[in-house]
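With the hints as your guide, set chain X onto chain P.
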Amino acid sequence: MFLQTLITGLSIGGIYALMAVGYSLVFSVLNFSNFAHGAVIMLGAYVGLALATKLSLGFGLVLAGSVAGAGIIAVLNERLAYSVLRRRKAPSLYLMISAMGCSVFLENLVYATIGSRFYAFPEFFGRQVLTLWGSSVSLLDMGAFLFALVSIFALHVFISSTRTGIAIRAGVSDMTMCSLMGVDLNRLIAIVFLLAGGFAGVAGVFLGIKYLVYPTMGWVTNKAYIAAVIGGLGSLPGALAGGLILGVVETFVSSYVSSVLRDVFSFSLLIAFLVLRPNGLMGQDTEEKV
Amino acid sequence: MIMDYILSVATLAGINMIAVLGLSVFTGFTGLFSLGHAAFIAVGAYTSAVLTYYYYVPFALALVAGSAMAGAVSLVIGIPTLRAKLRSDYFAIAILGFGEALRVLLENLTITNGARGLPGIDSFTTPFTVLFCLAVSVVLVSNFLRSRWGAACIAIREDPIAAEMAGVRLFRTRLLSLMVSAVFCGLSGGLMAHYLSFIQPVMFTLTQSTQLLAAVIAGGMGSISGPLIASFAFIALPEALRVAQMWRLVAYGLLLVLIMVYRPQGLMGYREITSLFGKRRDDGRRER
Numbered sequence: 001m002f003l004q005t006l007i008t009g010l011s012i013g014g015i016y017a018l019m020a021v022g023y024s025l026v027f028s029v030l031n032f033s034n035f036a037h038g039a040v041i042m043l044g045a046y047v048g049l050a051l052a053t054k055l056s057l058g059f060g061l062v063l064a065g066s067v068a069g070a071g072i073i074a075v076l077n078e079r080l081a082y083s084v085l086r087r088r089k090a091p092s093l094y095l096m097i098s099a100m101g102c103s104v105f106l107e108n109l110v111y112a113t114i115g116s117r118f119y120a121f122p123e124f125f126g127r128q129v130l131t132l133w134g135s136s137v138s139l140l141d142m143g144a145f146l147f148a149l150v151s152i153f154a155l156h157v158f159i160s161s162t163r164t165g166i167a168i169r170a171g172v173s174d175m176t177m178c179s180l181m182g183v184d185l186n187r188l189i190a191i192v193f194l195l196a197g198g199f200a201g202v203a204g205v206f207l208g209i210k211y212l213v214y215p216t217m218g219w220v221t222n223k224a225y226i227a228a229v230i231g232g233l234g235s236l237p238g239a240l241a242g243g244l245i246l247g248v249v250e251t252f253v254s255s256y257v258s259s260v261l262r263d264v265f266s267f268s269l270l271i272a273f274l275v276l277r278p279n280g281l282m283g284q285d286t287e288e289k290v
Numbered sequence: 001m002i003m004d005y006i007l008s009v010a011t012l013a014g015i016n017m018i019a020v021l022g023l024s025v026f027t028g029f030t031g032l033f034s035l036g037h038a039a040f041i042a043v044g045a046y047t048s049a050v051l052t053y054y055y056y057v058p059f060a061l062a063l064v065a066g067s068a069m070a071g072a073v074s075l076v077i078g079i080p081t082l083r084a085k086l087r088s089d090y091f092a093i094a095i096l097g098f099g100e101a102l103r104v105l106l107e108n109l110t111i112t113n114g115a116r117g118l119p120g121i122d123s124f125t126t127p128f129t130v131l132f133c134l135a136v137s138v139v140l141v142s143n144f145l146r147s148r149w150g151a152a153c154i155a156i157r158e159d160p161i162a163a164e165m166a167g168v169r170l171f172r173t174r175l176l177s178l179m180v181s182a183v184f185c186g187l188s189g190g191l192m193a194h195y196l197s198f199i200q201p202v203m204f205t206l207t208q209s210t211q212l213l214a215a216v217i218a219g220g221m222g223s224i225s226g227p228l229i230a231s232f233a234f235i236a237l238p239e240a241l242r243v244a245q246m247w248r249l250v251a252y253g254l255l256l257v258l259i260m261v262y263r264p265q266g267l268m269g270y271r272e273i274t275s276l277f278g279k280r281r282d283d284g285r286r287e288r
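First to last, the protein sequences are chains P and X.
Every letter in the first sequence is one number past the one before it in my numbering, and letter 246, counting from 1, is 246.
Every letter in the second sequence is one number past the one before it in my numbering, and letter 108, counting from 1, is 108.
To be clear, the hints were calculated from the coordinates, so they are not data collected in a lab.
Note that the coordinates shown come from a computational prediction; the quantities given were computed from them, not determined experimentally.
Check each hint, because a few of them may be wrong.
Taking lysine to aspartate or glutamate pairs in the DMTMM-like style, the calculated list, with each CA pair at most 25 angstroms apart, reads [stated by the list, open to error]: (1) P:K210 with P:D263; (2) P:K89 with X:E164; (3) X:K85 with X:D159; (4) P:K210 with P:E123; (5) P:K89 with X:E158; (6) P:K89 with P:D184; (7) X:K85 with X:E158; (8) P:K54 with P:E123; (9) X:K85 with X:E164; (10) P:K210 with P:D141; (11) X:K85 with P:D174; (12) P:K89 with X:D159.
Only chain X is shown next, with the shape it has when bound in the complex:
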């Protein structure tokens, strides 16, 4: 009984961690601020749920389709806004607007059953599926960040103008980073839909985007393990302490301010958890 409960909290935390991992590629490693990533979770959730619900598509295939759809949708907003090389705050507002507009659409489409949401989605997601997807995601993301493209993302975060002068193509790299982050958010959405077996447009609001962002920032912009630890703590701690949802959000808000004021590098800064054991791999990048 109690084990079941712990397992369900851990599963939800794992699903959330995949989305946080995605956002950390975009915000943590490419340095662009997003207030709309809940929209990509929604796209993943709805696409995969509609596929299994109406068309009896196998679960694994639906998950892949949901992630791909989230990636494709990210191009719709990414191509015009990133091509225009918007200032980071303009971009944040644009993607916020995109997220809100997408939610209004979901609330008014017939295939998504409108604002009432889709009930009775088959609960295919097991704790094992989540663990497996999370492990695969961590491997994929860390490989991506070690690749040429990842290095280009990090260069853009450190200084976009210098990166551009060194030959990094800003538009392509940022778009790729957005797409990668959207794909993982889509995967997280697909898993979520088939775990909760019910989705509704109000689950994907600015609040959800803020929670993702809080985890990335609290964990450290420039670390993979930091945001994962933070996101786990964000789900597990309030659950363990039995705090009401609204006080949880009060704490998130306060935490964002306190982190920016006192420890902008977050929990892990640019380090990884592995660097705490064995040889230190602190590359000593300065705080920006």
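This is chain P alone, in the form it adopts within the complex:
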């Protein structure tokens, strides 16, 4: 029972981490909360669903298609809704409101056109279980957790050792200076959104397989914001750690205390972190500068 709860928690935590990574990446570069991230995850899940049911593709192709689709949607989202504000150097409040608008727009557009029906992915993995030390563990849960670990590690390598990755880190520390050194900011930000969207696509497919696909499924990104805050906004290892911690703690609360109080607990945790440790476990100082 304990081990089973732990693995379920880790797999949910892995999905939270996938969402938190994309959100955190955008936050670290543009310094605003991208509330549209949940909508991109939802659209990624719908893209995956369309590929899986209409074209009956296999899991690998569905995942790739969803990553590409969600990545393109995220880049378009930036181009249409944020780039003007960014160039005008508008306060981050405006970017945030614009992001909120995108989220409401996309969610309800899906609701109005595709409908509020719940869709299920075809069964890719069946309901196989693995017996480990007397407790049964779902293979899907293990897979989701491992995939999240591997892909976030790959992103970490990309950010820390490639030329583009170095440019992204330079942009995080100082945008103006970075562009003076000859980095094309528009291209850089497009890459950041492409990466964030790609991770949103992966998260969308996993969420869709584990639960269902529906217009408001992006709301679960609230949990990703919490994970990102716990880990420290803008930090990739932090997003991973925060996601896993939140997933495990939540699963334990819902199976040992009360499933109703799970969300109340998560949000209390968020407020406690914001108040006591606003930079999270691994974040850098984010005091608003004069």
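Quick look at chain X alone, frame taken from chain P:
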């Protein structure tokens, strides 16, 4: 018949306008972004409804109690988060979380009848009550904004650091602004509960908070009349055009983006409707 219908739309718009007025104090004049003000409407609605429903408290008293309760609840979230001087987006996430947590609580308490909601609340609210409350609210809010405290709020919106250096106490002023906005949201909730005579936790979601915010932003952050006009238009136009709820939300979302991109000062900007007639009182503050 048709008059009844118009009257009911106008009444609902008026109830909504009181909540928008409250949020405009906080978002429009103090510059803090909230995604959780529906929670204060819920507190006002449930408190006043429970009082009249179970305890037969007079309606006026229940309204006051609902507003006061909303104000008190705002302290629960306001004191820890505002004291920590959170960045504006952290604060928005915290208050969003608070709103969601509060809704989960409402769905699981026995006195609120859980997720099924409270049916059969006496419909004490008349169009006249709403008009009266709206008028009183407008007078109170504009007086508040002209007071020392209001000036401090506006200073914080323009530049928190400069305001603090000029001696404005950030925590107290922001908390007061949150409390004032919550009180008006609570009043709006109380009126709503006794107009619709049925309330349910799902009526107070993020969607509701977004609609309030859309009205404040579309109307102009820094104006009282702008958000009121916008909120009236938001309720009346879709009703007149018979648009389905979901397309209404599609339009709200698009509107938020378009306003931020093309006209961040909103419909009225920093001006009031009165400045369009007679002498102009455009104080020419720059766009931020």
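Structure-based check of each hint:
1. P:K210 with P:D263: holds, 19 angstroms
2. P:K89 with X:E164: Satisfied, since the Cα-Cα distance of roughly 23 angstroms is no more than 25 angstroms.
3. X:K85 with X:D159: It holds: about 14 angstroms lies between the C-alpha atoms, which stays within 25 angstroms.
4. P:K210 with P:E123: holds, 10 angstroms
5. P:K89 with X:E158: Satisfied, since the Cα-Cα distance of roughly 16 angstroms is no more than 25 angstroms.
6. P:K89 with P:D184: Holds, because 17 angstroms separates the two Cα atoms, which is no more than 25 angstroms.
7. X:K85 with X:E158: holds, 16 angstroms
8. P:K54 with P:E123: holds, 14 angstroms
9. X:K85 with X:E164: holds, 12 angstroms
10. P:K210 with P:D141: holds, 8 angstroms
11. X:K85 with P:D174: holds, 24 angstroms
12. P:K89 with X:D159: holds, 16 angstroms
Against the hints set out earlier in the document, no violation occurs for any number.
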